[in-house]
Amino acid sequence: MSLLTYDFMIRALLGALFTGLAAPAVGTYLVQRRLALMGDGIGHIAVTGVALGLLTGTSPTVTAVVVAVIGAVVMEAIRTSGRTSGDVALALLFYGGIAGGVLLTGIAGQSAATLNTYLFGSITTISTSDVWVTAVLALVVVVLAVGLSPQLFTVSQDQEFARVAGLNVRLYNLLISVLAAVTVTVAMRTVGLLLVSALMVVPVATSQQVTRGFRATLFGAMGLGTLASLGGVAVSAFVDAQPGATIVLLALAFFVAAYPVGVWLRRRQRLAAPFTEHRDPFPLEDEHTAVPETHAHEHGDACGHPAVPHGDHVDYVHDGHRHAVHGAHYDEH
Amino acid sequence: MNDPVVTVADGAVELGGRPVLRGIDLAVRRGEVLAVLGANGSGKSTLVRTMLGLVPTCRGEVRLFGTPLEDFHDWRRVGFVPQRVGAASGVPATVREVVASGRMSRRRPFLPAGRGDRDAVEAAIDAVGLREKARDGVATLSGGQQQRVLIARALAGAPDLLVLDEPTAGVDVHSQQAFADALGTLVARGATIVLVAHELGPLGPLVDRAVVMRDGRVAYDGPPIDAFTDADPPHGHDHHHVERDQHTGDPLPVASPLDRAREERP
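Residue numbers (this note's numbering), protein chains in the order written: chain A, 1 to 333; chain B, 334 to 599.
Just chain B, with the same shape it has in the complex (with noise of 0.2 Å):
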């Protein structure tokens, strides 16, 4: 049972003979919540398709709860929400409608909807504040609103592994803190989760492990440092020096707004 919820081990991804993934050694412990921060195109999306499958690794080894990927198939235990621009699709479909596929990983073919599924449903469409919105098309919602219809889809199944990508991009602040509470209380239960995000905002004080991608390689994993939870933070604070390789002296790779402060303060 301490086995860790998430392991790669040497991982590398090859997108169309391009490199996008490169010697990634990362475990994701039970009950942590893990922030892949990193510029775009630093390889960040992919590494959590990759944990999923989503993504086929051309070297090393993913496994989910222990269990190698391509022989993992208790895929109730884990929810995705996945990066789009919203939820609508060709036909019109009520926030319920989507939210109810989230129940997909637990229900079987032909069956109709039972009432635990009925109520995780509602009690995932509570947890985002769509209450009022359930027969509403999700087309007709703000693109903060489908946001978190997507992430209710995700929460309905309960899962114990939480992945999600880019969560909160285009999401209003309002809505975040929202999100930022329903992720609170999944954490509580004692999920795990993995989330992908350019700035963490009103998400920083649940992440307790960063990672910071670079190139395709993890260039920073530890607590996450105050930098990251504001692209733009008004510093009440030192940056007292600039962690350099032992060897070159050359200062280490991180992301971002990292680099920023370090300009401000050569």
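Only chain A is shown next, with the shape it has when bound in the complex (with noise of 0.2 Å):
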């Protein structure tokens, strides 16, 4: 266990805990408004704010949150502008995003390994600062996150229904593609742009397997997050593999080992659910007895046997009982 004690073991550690309860509790918001993708999209448009801190000098951290934010403010603005052509307009964005921060790379004489770091991560070279930043990051998006949940969820359970509420629908959707956008931030260290998405929504996707409500699929999915990166971070210690990937892979393992339950849950419902109920349209009454005879025919006008009517309806006088079809059996009279 000494590998885990050394001082760069201990930050790696403390990023993928920051990272993995902030990406999943934004996730939720994102999955539950059916935009799963958005930190994908997200992620790439952070690439571009990487390379322009490369190009300038400046921490890149810093000009990923400042493109990153208002990448996500111009996707929503797209978004709710609600043109038919948005994702069209989205799909320009993320890939004038990455072509931008690859061809800024270039320019800023930056290696393509530099930018990788960024692109897949290297949780194992953050500095204490790093640290700091991602810890501060991450603190600011988890109390937003859970201490506005009532509201967020309301807005993305239903937006019209949130306006007649008094709720400033606009502000709360901002606010979800701002913590996005942050969060896309925090984890570009730990899992890297590209595959900060996959944190997002895979530990949300694993929650809600098992749970019924969104309360419990939010703690679940920061809880699950957490495991992962930890676990990811420690398992690619001892195997040397990339922390980054390495997260992914066990979030989506958690996820395979998941999805049967879930299969299995939700199958125990559907039987556990009651039967709608069938009335018989002609309920046996009291003063009748069902008659257990199977007919060859139906009784009729051909049928041969003696037809006495009876009140509504015609009794039919049959191995020397009358009796009468009601609905799917027949009455003794």
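None of these hints come from the bench; they were simulated from the model.
Take these hints with a grain of salt, some might be off.
[What the hints assert, rightly or not] What follows is a set of in silico ranges between Cβ atoms, one per label pair, in the way DEER data are often shown: (1) D459(B) / G223(A): 29 to 35 Å; (2) Q110(A) / Q416(B): 37 to 43 Å; (3) L37(A) / R464(B): 37 to 43 Å.
[Stated by the list, open to error] With the C-beta cut set under 7 Å, the calculated list includes, among others, these residues of chain B facing chain A: (4) L387; (5) V388; (6) P425; (7) T427.
[Claimed, not checked] Far from chain B by the CB rule (all over 10 Å, computed), these chain A residues: (8) L4; (9) R11; (10) L55; (11) V73; (12) F94; (13) A108; (14) S127; (15) L148; (16) V204; (17) A234; (18) A253; (19) V263; (20) Q269.
No residue lacks a Cβ here, since even glycine has one placed at the ideal position from N, Cα and C.
Build the complex: two chains, separate frames, hints provided.
Right, dumping it as structure tokens:
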């Protein structure tokens, strides 16, 4: 276990802890709004931010936060404008972001290897100040995502209802986008920009296999995200693997394990659901007895059995008794 | 205090340049149960959404509780049941969680739900008869039960004005009756109700005024006629005469159930 007590490992584990808590907290709202891939888009845009930092010699984390937030706000604006070409505009933004990042990195004279540490994460090289930035940003994200969960839940569940409830829907939607952008940059050093979306979405998908409620899903996803992040760093230390990829694969492994449980739970729920009451339109009344006879024919004008009018129906004399068709059975009269 | 709860004065709405509502003058009085009826595309849904500011007007004015809509902030007085196929979203949510979001107009950010909030949520769940389902995921409920969840959500806010957009569409008769009973208690408390409906069904006895929309205009505004209460009514009475325009002698336009009755008796 001595490997885990090295300073760089402690920093890596702390970074993983904060990322693992924050990413699924925001991811839950993205999944609820069926915008699971939004984190991926913001990650692409943040590549340009990182490259701007490399080009100008400032901290890539700061420029990435700024560019990611601007990108998220623009994406939200495109989404709410409701144009039919909205998804195409988003695609343009994604690929513009990643191509711009690669181009600017080249202009800055940096190698692809430098960009790689941001694209795929390099958690073992993060500095103490990086850990502090990660911790503060993650704390802000978690406090807002959990503290405002009733409001964010209401807005993500039903926008029109939230408007009539007097909530500032635009503001809360924007908040989710900005939180997602901040989370992407928090997770940039841990799992990398290309895999950050996985840490936002996969724990949520895993959690909801076994949960019935929103809060349970939210906290379950945060727990699973933390477990996958810490576990991924620890595993990668011992088998000398890429930590970012290990974290994501571990999160996916949790999903693969939870999916059959979810299938079983849903199946059990379906079986437990009561059948819709199927009422016999001709219930057997007290004064009648059902006759356990099968008839080779339906009684009618042409069957040859003597017909006797009886109130609102006709009885047929059959084997020495009178009876009448009543729904699915015969009544003895 | 005698202000109408909702006023629309000379209201007009365009969606994508196409006129959807024209010349709407309507005042909903306190304690009134108003049914907005009409065929698909007649603008009945747009009318109630305009009342709530979900659809902007291109002319005219909308007031809620006497306050112009743009200055209205007292949203805790308004409850809304939107037209929905279901109550589910991308993440599971329990019945209680969805109903609890009905308290949002009364809660402050970052503060936990108080006792009053929790009591109101439980009472709303009881009112729609979903007590045993409170901990279940809404996605696992039937369509009618999901609709009842949305109604409970609106009831949880204890609104003075409740606006419902086709609340009973796709809801089985049993649930409709439970829902009508829940509305009845709200009416008894003095609430004002505006509901959009294709047909009134079990809600019929509650309604004391009907507005029939046709082509974006109010075609009828008055007491509900028996023909509205069911799309295909068993007629135990005769229609004496057809209302005609005083000048042209043309039959006045009314909603589809009446038209059908008219075709049967020219």
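Hint-by-hint comparison with the structure:
no., hint, result
1, D459(B) / G223(A): 29 to 35 Å, "33 Å, holds"
2, Q110(A) / Q416(B): 37 to 43 Å, "54 Å, violated"
3, L37(A) / R464(B): 37 to 43 Å, "39 Å, holds"
4, L387, "6 Å, holds"
5, V388, "10 Å, violated"
6, P425, "5 Å, holds"
7, T427, "4 Å, holds"
8, L4, "34 Å, holds"
9, R11, "31 Å, holds"
10, L55, "38 Å, holds"
11, V73, "21 Å, holds"
12, F94, "21 Å, holds"
13, A108, "39 Å, holds"
14, S127, "33 Å, holds"
15, L148, "6 Å, violated"
16, V204, "7 Å, violated"
17, A234, "29 Å, holds"
18, A253, "21 Å, holds"
19, V263, "14 Å, holds"
20, Q269, "6 Å, violated"
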